[in-house]
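J.: Chain by chain, the residues run as shown.
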Amino acid sequence: MSALLEVDAVSKSFPMGGLLSREQIEAVVDIDVTLLQDRPEIFTIVGESGSGKTTLARLILGLETPTRGEIRHLGQPVGAGRFGAQRHAFMSAVQPVFQNPFEAFNPLKRVDRYLASTARAFRSLTRRAEIEAAMDAALVDVGLSLEEIRGRYPHELSGGQLQRAAIARALVCEARILIADEPVSMVDASLRMAIVNLLRRLRDDKGVTVIYITHDLATAYYISDRIMIMQKGRVVETGPARRVLNAPQHPYSRLLKASVLSAADAGQGNLAPAQDLFEASQEALEVARDSRMIDLGEGHSVRRAG
Amino acid sequence: MTGPILTVEGLKAYYQICQFGQHLEVRAVDDISLQIERGEVYGIAGESSSGKTSLIKVLAAATRPPLRVVGGSARYDFGGKGIDPTTASEAEIRAIRWRHLSYIMQGSMSVLNPVRRIERTFRDFAQRPLGLSGAAYRDRIEEHLDHLRLPKSVLRAYPHELSGGMRQRVTIGLATVCRPDFMIADEPTTALDVVVQKDVLSLLRTVQQDMGASIIFVTHDMSVHANMADRIGIIYAGRLVEEGPTRTLFTRSRHPYTAHLVASLPVIGDTRPRPALEGRPPSLANPPRGCRFHPRCPLAIERCAREVPPLEAVGQRHRSACWRAEDVRPLLIPGETGQTAMVQA
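Chains A and B, in that order, give the protein sequences.
Just so it is clear: in the first sequence, position 300 is 300 by the UniProt record's numbering, and no numbers are missing.
Just so it is clear: in the second sequence, position 39 is 39 by the UniProt record's numbering, and no numbers are missing.
Chain A with its partners taken away, still in its complex shape:
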């Protein structure tokens, strides 16, 4: 089985402070991820703000260069500043979906124009009929149609429709990997499941691998195959999503799970904070420098001190 995407011991640090300051902030530390070509999956990255999940997404997209380590797509290194045919092929295979569709689309540009220009640039289609067929096929895959979108500006669509159009835009260029950074956090509750179910269907029917970045453990449990939990740039626990979330081992993972508001005991108002878990996860963070990942079997591993 060959690798679709390999993240190999990648670290990224940003300089902090003034021009002459030597302080560095470690956004992402020693991340290893391998996604296989013939096993499409939903790989979820969970963490709070500041955990480095968005930096990791930008590294994978080639928008940032790793300080250490390497990211390879089909064996070829992904690098910012790499132009020409190779970059073009990479861009058509790995596509982003952003958090807020109203910010991702230019409000003065019609939504169908985005799809058309993507089809022209990445599929080398020139005839109008071909372009429209490609657009329509992608829109049908996300539960829309060209008729609904044609001539519409972003403000004329609901948040859910626009987010689906954003996913369709990524599908027009026949992307193999979607990097979805908090794709549902700005979408209304009634439309949220439509997007989440769509990601699941894309994996099952179209064989698209989705890197799903979120802080919502409940949707993560619902759709993911594998999960990776990050705390301040470091992976603290990774493995099969159900296994990890049913019995999280690391204190930070347990804290995240305990903080999920459950509707099961609606009306009881259970808001007591898990203070002991909070302290345990702070302690784990302090010794993170001298810790390593311990394999627990079945692909489940957890960070332990020592």
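Derived by calculation from the structure, the hints in this document are not laboratory data.
It is possible that some hints are incorrect.
As the list claims (entries may be wrong) - Just a few of them, taken from the derived set where beta-carbon distance is under 8 Å, the chain B residues facing chain A:
#1 GLN35
#2 VAL195
#3 SER223
#4 ILE268
#5 ALA276
What the hints assert, rightly or not - Distance ranges between label pairs, derived from CB positions:
#6 B:ASP327 <-> A:PHE102: 29 to 39 Å
#7 A:SER185 <-> B:ARG149: 25 to 35 Å
#8 B:MET211 <-> A:GLY207: 55 to 65 Å
#9 B:ASP327 <-> A:ALA9: 53 to 63 Å
#10 B:ILE17 <-> A:MET16: 44 to 54 Å
#11 A:ARG127 <-> B:ARG303: 48 to 58 Å
#12 B:GLU92 <-> A:GLN268: 36 to 46 Å
#13 A:LYS109 <-> B:ARG272: 34 to 44 Å
#14 A:GLN268 <-> B:ARG138: 33 to 43 Å
#15 A:VAL140 <-> B:THR190: 24 to 34 Å
#16 B:PRO114 <-> A:GLY207: 41 to 51 Å
#17 A:LYS109 <-> B:ILE17: 23 to 33 Å
Don't be surprised by glycine CBs; every beta carbon is placed ideally from N, CA and C.
Once you have looked at the hints, place chain B on chain A.
T.: Just chain B, lined up with the frame of chain A:
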């Protein structure tokens, strides 16, 4: 002091725009009646552009054109001091603001003045309504921060020096320092991370219980409502479609929209497929005839497209606006593995 603290009757607030000789009317709040008891947390759930923000603008006496109150009334009862936010004068509103009625907004960064220390912001908000000065005022503020488990050092900080959760706790501090009777919280935790969100909610709930204040709590996140609210009102396209005690709404909903909202919540430990609601929220400038939910409703019958269902009692303190309220069943039964479909028309 008995009786509800807020009584809203048949409230209608429309955005009226007259442009190029064309009259446009957006019915953001359409005939809403509700009552909020003393010491109660009343949750308002609804999607964006359902009119929930317009409703609280009216209740906060922040109605500005083009939003106009075109009918109905709202009445606060602050221990004998009654006031109608839709008709009160600016001076009357100023007399109750912060002292009796306060707000917690979504973006803490836009509430706190970025170029002033928290101390100054507290003085701007609280000094006049509290009517204290010098050491007495300072003691009061410090005692209050202590109560909120906030270090005194936040007073010397600028907003950007604080984390998002800390800032939101400061805004809760601002809203509660005058011990108001009634608070309006508009999505106060939407932008926060899960761990911080729970912390802020638990703080808000504790402060509310200590003061015995009432809160209108607006968010579209049903899992927040489940843990925060005593009662929930569901707003769809400018109308209140269902209202009842939190537990009842989650377990025995009598409106298909609520049933859908509850069923679509993912739960850790449950991988059953969650249904998604098709279609899009209706435009409030041109809402559908009859029940506004009928184009997306799996239970819709021919009558739904003709007649608007009234909000009627379907149980104890439980009201629903649906012609087929009796036929609504939970979409997913907790603990059961199979999916139970709604009764089809």
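J.: Looking at the structure, which of the earlier hints fail to hold?
T.: Of the numbered hints given earlier, the structure breaks just one, which is hint 1.
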